[in-house]
Structure formats: structure tokens, C-alpha cells
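Asks: Sequence:
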Amino acid sequence: MQPFASVLSSLTPAQESFEGTITPDWLQGRTLFGGMGAALCLHTARKLTGGERPLRSMTISYIAPVSPDAPFEITPRVLREERNVTQASAELRQNGTIATAAHFCFAKDFPSALSSDEMPMPAPRAPEESDPLPFFEGMSPSFAQHFDMHWSHGAFPVRGAEKGDNLVWVRHKDDVSDVKESAFIAMADALPPSAISMLSKPAPLSTLTWQLNILDPSFETEDQWWLTHARVLHAANGYVTQESRFWNSEGKIAAAGWQSVAVFG
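This note's numbering applies: residue 159 is where the sequence shown begins, and numbers increase by one.
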């Protein structure tokens, strides 16, 4: 298997783009794991923006699959740089087709009279007391072998649950301490959509768009564990709206996001 940090470092500069290939262990079905695609786009955008301004928000559109059969290229751009905010984009293409389009907002801290946090961490079981999701060769998505996922509350996938509402500890198995920002982005997409817990039999799912706000850009946590609360807000006509929140091991809110997911079943 190719470690996460190794995937990032394997990208090679090519004029205004970066080129790379993926190994089968990072696939989600027949395409590149979406969290890895987002992380690669962020990694290349940082080549232009530098690391001074923290990541505050990102929006990802998944447009076409990325296969391991051909190289891909990622083209980052700085769209606008102001006194406090830098807007950047990155497009991942394969065989001339845009597969992933990403937009990032990097911004400095500045004084504000506002301070509020209405997203306290739920009361989970500890990671070691939670139920690990097994990896089944040939059944589980290949990329899942790179992560530990321990269910604190909620239903495992394909259990016919009444609600899609899961509280899960997630972490990279590899050491990602040198690439914490990109690693967090990949981790934040590792869980299967909560709607899959509501299904009684397997069905294909595909994320269309993903929006994530970063609330603590330090990306510090103990033993790489992050608590994810992912829940279905609405499901109808083949489409699901999911909300996700992320806390570090000390209970500090790290990020909040939303996904639009197509469910073919």
C-alpha cells in the first residue's frame, strides 16, 4: 500500500500543473477516493499560496471518475489575493476531462467582537471502547484499509436503520503528522455517507458536491483520532443532503460540512 504522505510527495511538477498516478489501494470502487482527490488539490494549491494563511473553507465538485489506468494532472490557480484573504482553485484532469474541481479560501485571523460556539461535542464512547468497522477484502472500498473507523453510536452500513445518524471516531493508520492539513481533508471524507446505514441492501452512492468550513486550522488531536458526527438531513428523489461535524480528541470543534450525495437504490 502507498502511504498517504507518499501519495502527496509523488506529485511531479509539469509546467503550470502537477502530474501523478494512483495505486489501487486508494480507489473507491473504480475511481479515486474523493477525500484523496480533494487533499491532492489542496496540496497543489498550497504550492502557490504558501502556508501562512490558514485554510478556512473549501468547496469540491466531483465531476468524473479518476482511474488508476492513466496519469492525471492538477492545475492550481490563485484567483485573488487581498489583505486578509486568498482565493485559490485547483482542477484535477485525466485524459483531458475535468474530474474534480476545487475552490479554497485561505484567510488570516483578525480582531472581532464576535465569539460563539453552538456545536458542543456529543458524549461519545472512547475510541478503544467503540466498535471498529471491519475491512472486508473485495467488499469494502479499497481506500478504507488506510483508516481506522470506530463506531461510537449509530448503525453500521447497510443495516436498514431508521435514521442516518452516526457518531464515529476516524483516523489515518499511517503517520500523517507532517501533512496534517491535507490529511484532515482526506479523513473528513473517509466515512461512507450516513444514508448507507438506512439501506437494507448495498447500492451505489456518489458524492456530487462537498463543502467544508474549517473552524480550527491547527489540526491538532491525540493519536490522530477525530470524532465525526454525520447525519442525513434530507433524502428524496435519489439525493441526500448530509451534515458532518468534526471534533478533536479534547472536544474542540474542528470543522463542519455538507455533502450532496446521489443514491442509486
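If you are wondering where the hints come from, they were derived from the structure by calculation, not from laboratory data.
Errors might be hidden in some of the hints.
[Said to hold, decoys possible] Label pairs and their computed distance ranges (CB to CB):
# : residue 1 : residue 2 : range
1 : Asn253    : Gly409    : 42 to 50 angstroms
2 : Ala172    : Pro360    : 21 to 29 angstroms
3 : Arg235    : Pro280    : 36 to 44 angstroms
4 : Lys410    : Gly296    : 14 to 22 angstroms
5 : Asn395    : Glu276    : 25 to 33 angstroms
6 : Phe422    : Pro269    : 46 to 54 angstroms
[Stated by the list, open to error] Simulated pairs of lysine-lysine, DSBU-like, Cα-Cα distance not exceeding 30 angstroms:
#  : residue 1 : residue 2
7  : Lys331    : Lys321
8  : Lys205    : Lys338
9  : Lys205    : Lys321
10 : Lys359    : Lys205
11 : Lys359    : Lys338
12 : Lys321    : Lys266
13 : Lys410    : Lys266
14 : Lys338    : Lys410
15 : Lys359    : Lys410
16 : Lys410    : Lys205
17 : Lys359    : Lys266
18 : Lys321    : Lys359
The beta carbon of each residue, even a glycine, is placed where N, CA and C say it ideally should be.
Asks: Now look at each hint and say whether the structure bears it out.
Replies: Hints, one by one, checked against the model:
1. Asn253 <-> Gly409: 42 to 50 angstroms: holds, 45 angstroms
2. Ala172 <-> Pro360: 21 to 29 angstroms: violated, 39 angstroms
3. Arg235 <-> Pro280: 36 to 44 angstroms: holds, 39 angstroms
4. Lys410 <-> Gly296: 14 to 22 angstroms: violated, 38 angstroms
5. Asn395 <-> Glu276: 25 to 33 angstroms: Because 31 angstroms falls inside the window, the suggested range holds.
6. Phe422 <-> Pro269: 46 to 54 angstroms: Roughly 49 angstroms apart at Cβ, these two residues keep to the hinted range, so it holds.
7. Lys331 <-> Lys321: Judged against 30 angstroms, a Cα distance of about 29 angstroms means the pair holds.
8. Lys205 <-> Lys338: Holds. Lys205 to Lys338 sits at ~15 angstroms (cutoff 30 angstroms).
9. Lys205 <-> Lys321: violated, 41 angstroms
10. Lys359 <-> Lys205: Not satisfied, since the Cα-Cα distance of roughly 43 angstroms exceeds 30 angstroms.
11. Lys359 <-> Lys338: Judged against 30 angstroms, a Cα distance of about 36 angstroms means the pair is violated.
12. Lys321 <-> Lys266: Cα-Cα ~39 angstroms, so violated.
13. Lys410 <-> Lys266: This hinted pair holds, its Cα atoms lying about 20 angstroms apart.
14. Lys338 <-> Lys410: holds, 16 angstroms
15. Lys359 <-> Lys410: This hinted pair is violated, its Cα atoms lying about 36 angstroms apart.
16. Lys410 <-> Lys205: Answer holds: Lys410 to Lys205 is near 29 angstroms, not above 30 angstroms.
17. Lys359 <-> Lys266: Answer violated: Lys359 to Lys266 is near 46 angstroms, above 30 angstroms.
18. Lys321 <-> Lys359: Holds: Lys321 and Lys359 sit about 15 angstroms apart, inside 30 angstroms.
Violated hints for the displayed structure, listed by number in ascending order: 2, 4, 9, 10, 11, 12, 15 and 17.
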